[in-house]
Amino acid sequence: MFGAGGGTSSYREAEDADLLVLWGSNAREAHPIFFHHVLRAIRRGARMYAVDPRRTSSAQWADAWLGLEVGSDISLANAIAREIIEAGLVNETFVERATTGFDEYAASVQPYTLDRASRDTGVPASLIRQLAHDYARADRAQICWTLGITEHHNAADNVFALINLALLTGHVGRYGSGLVPLRGQNNVQGGGDMGAIPNKLTGFQDVAANTEARARFEAAYGTPIPPEPGWHLSQMFEAMEDGELTACYIIGENPLRSEADTGRARKLLSGLEHFVVQDMFLTDTAKLAHVVLPATATWCEAEGTVTNSERRVQRVRKALEPPLGARDDIEIIGEIARRLGAEWGQPSAEDLWNELRTLSPMHAGMSYRRLEELGGIQWPCYDEQHPGELFLHARLWEEDPAKRGTPAPFTPVQHDPPVDELSPEFPIRLTTGRRLDSFNTGVQTEHYATPIRRPETLNLSPEDAARLGLAEGEVARVSSRRGSLEVPVHVDQTLRAGLAFMTLHFPDQVATNVLTLDAWDPKSGTAEFKATAIRVDKPGQASPAGENLNAEVEA
Amino acid sequence: MDLRLGAATPATDDERAAVASVLGPPAGGWDGGERTAADAHVAFGGHAARARRHLLLPVLHAVQERVGWISPGALDHICVRLTVAPAEAYGVASFYALFRTSPSSSAVVHVCDDVACQVNGAEQICEQMEHRFGAEGTVPGSNGPGITWQRSPCLGQCDRGSAAMIQHAGADPGRLVLAPFGPDQVRSALAPAQPATVASLLAPAAAAGGARGSGLARFLPGGGGV
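In the order they appear, the protein sequences are chains H and U. Going by the working numbering, the first sequence opens with residue 2, and the numbers climb by one from there. Going by the working numbering, the second sequence opens with residue 14, and the numbers climb by one from there.
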């Protein structure tokens, strides 16, 4: 945010916060390490709000749970902003010195009265007001979010809505206050930092706008770098559809299972002229590939670094020899380059890291030796004297306008409900998520036994289960506008009538993404996994949509 | 708070009423009551809920006195209402001798076999109890007399041992201390318990106690300390 693609705060700051707002995050299950810090905060007296359609196991720790309707986050955030403004709780000094666009923003949230937000979200107006006042009055407050915010067709707008609240109250750039997007994997942050974002060079340097950075990369690599951003995943699939993208090289990703609308993903990946997958497992995606390159497990069979949610770069050390045939990613990529006519030699992980340090200023001070000595370093770290930054954007609080730099802009955003509308035919809102015992498509967790894992279920509220005559364990047919599948029912007290829940952990048993919609956010490229309109029937009952719904993709 | 609830059957109305007698009626579905429309979008908990954890012992007493034991369903209900982990609540319920975690008759005879009562023949008394009423802790119905008795740590009657206490559960709970105690006292003591009968209970006790001075029975109201 504000030009830096990372969370503002350190884990330890969460422990010293007075108020934590978990918004669209079931950190208890999806980010258990971060949640340990949350628990320490709670033990020290911090209050916690949970904003989530489900009363998740995280929400059960909260002082108050706001069970909003799926996709009504912006209405809620704007109403909180309006209430903060109306109640005179704006941090006026901060807004005046460190932000731009307040007037426009204030006008944009005017329509979002507490009553209007209460209608959009289902949450009582009094509780919205309470959250607004508690957030604005707290000395140190953080908003922490995850995929509940970002897996929507308007993901970026959702994030802007939360950033606006921090700007309004000055809860950013200070110890203990902040904006904390929790990363879902040990190195999601690192992947982005290394330039695996279509419009960024390594170190979050914009490929189009930052001509100086582009020139630096061009000089280092002796080749021109096109200033146009590349495609993100959703655009790549569209390009496959248009026949524009015909060859694909996938490293460590299982899009056949993780993409929304599995049927479409299978068709497009199968239609590629040349398809290479590099992975440590023979994933379902790899099974479609023309060439599979077995890779090492990067967390134990290779040297390197990972970067976590608090921007901390950490060393990874090789502990095991890989099994026969599996090769280091660096080696594989180098060999491909050699076949293509470029001789890169045999660089070590540290050699490549040092090359990166010459190109990415925010990593410049992070030698392997320092990473080891300091137990990891939080970027930015501009030189070998720099200790790294505990939290970002402290400059916004500087008295001196020159030191304060570019102010942070308010970004007005409007409520925009989910694309996959509920209708009499598809009356139930399905949302997806994770469970503590499993990870994403299960590739990395299905081989480990755990006593708490149970097979995939359609979680239904007691009210819906009773209305549909479905008992615990009974198999139901679930249909969306795209596909249909059968899955056992689990009656789940944490759901309200009209809200259902599934995971994508067990694609071999239940291909959940057959149901989901690939409507994606043009700003972030993320698909709307969190909001699917479904109907639930007893198997064998004729569905009103008839034959065309029987497009069961996983034949 | 993560609550891993495991009871096969939910709390009975009696058990819920006993809990409510201490905590008041539940605030809604999230508080162990009926789910209502208001529960769909809002719940409170956190510090306010955890601030009531000290009520665990009073609530366990209330259920013990009303029902005679702490069933798994009752334990789950208590845990939901107080946001206490079931393992923790079970630890408390199973630690104290006056809480039972298995079914029993509405009256349980606790026979002290602690040091002072041992000196006054507690072992012989326990042998006699076993001879007459079956093994200690016998589930009611499986033994003819339908009496549940069990050995007990000190009942605080060391000056008058060997002691016993009868714990009555039900709508009108109470505790009857018998000291000195002999197995002969059990039948008459378990006749409809009324404070008025206390005096008549003393006679056989005195007889059993021989010349050791007059026995004393105390009728304690429910809710006393453990």
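Hints were generated in silico from the structure; no laboratory data involved. Some hints here could point you the wrong way.
[Unchecked claim] Label-pair distances were calculated between CB atoms; the ranges are:
id: 1; chain 1: H; residue 1: ALA338; chain 2: U; residue 2: LEU18; range: 25 to 33 angstroms
id: 2; chain 1: U; residue 1: LEU18; chain 2: H; residue 2: ALA395; range: 40 to 48 angstroms
id: 3; chain 1: U; residue 1: PRO23; chain 2: H; residue 2: SER127; range: 28 to 36 angstroms
id: 4; chain 1: H; residue 1: TRP345; chain 2: U; residue 2: LEU18; range: 53 to 61 angstroms
id: 5; chain 1: U; residue 1: ALA21; chain 2: H; residue 2: GLU426; range: 35 to 43 angstroms
id: 6; chain 1: H; residue 1: SER368; chain 2: U; residue 2: ALA21; range: 58 to 66 angstroms
[Said to hold, decoys possible] Here are some, though not all, of the chain H residues that point toward chain U, as calculated from beta-carbon distances under 8 angstroms:
id: 7; residue: SER58
id: 8; residue: LEU67
id: 9; residue: HIS134
id: 10; residue: PHE161
id: 11; residue: PRO324
id: 12; residue: ALA327
id: 13; residue: ARG328
id: 14; residue: ILE331
id: 15; residue: GLY335
id: 16; residue: ARG340
id: 17; residue: ALA343
id: 18; residue: PRO463
id: 19; residue: ALA467
id: 20; residue: ARG497
The structure presented is a predicted model; accordingly, all values stated were derived computationally and were not measured. Where is the CB? At the ideal position from N, CA and C, for every residue including glycine.
Taking the hints in turn, this is what the structure says about them:
1. H:ALA338 with U:LEU18: 25 to 33 angstroms: 57 angstroms, violated
2. U:LEU18 with H:ALA395: 40 to 48 angstroms: 46 angstroms, holds
3. U:PRO23 with H:SER127: 28 to 36 angstroms: Check passed, 31 angstroms falls within 28 to 36 angstroms.
4. H:TRP345 with U:LEU18: 53 to 61 angstroms: Cβ of H:TRP345 to Cβ of U:LEU18: about 58 angstroms, so the range 53 to 61 angstroms holds.
5. U:ALA21 with H:GLU426: 35 to 43 angstroms: 38 angstroms, holds
6. H:SER368 with U:ALA21: 58 to 66 angstroms: For H:SER368 and U:ALA21 the Cβ distance comes to about 60 angstroms; the hint holds.
7. SER58: The hint holds - H:SER58 has a Cβ within 8 angstroms of chain U, the shortest such distance being about 6 angstroms.
8. LEU67: Holds, about 7 angstroms.
9. HIS134: Since chain U brings no Cβ nearer than about 16 angstroms to H:HIS134, farther than 8 angstroms, the hint is violated.
10. PHE161: Violated - the Cβ of H:PHE161 stays beyond 8 angstroms from chain U, reaching only about 24 angstroms at its closest.
11. PRO324: This hint is violated: H:PRO324 lies away from chain U, its Cβ roughly 38 angstroms from the closest one there, beyond 8 angstroms.
12. ALA327: 38 angstroms, violated
13. ARG328: Interface hint status for H:ARG328: violated (42 angstroms vs cutoff 8 angstroms).
14. ILE331: 42 angstroms, violated
15. GLY335: Violated, about 47 angstroms.
16. ARG340: 53 angstroms, violated
17. ALA343: 53 angstroms, violated
18. PRO463: 7 angstroms, holds
19. ALA467: 11 angstroms, violated
20. ARG497: It holds, given that the least Cβ distance between H:ARG497 and chain U is near 4 angstroms, below 8 angstroms.
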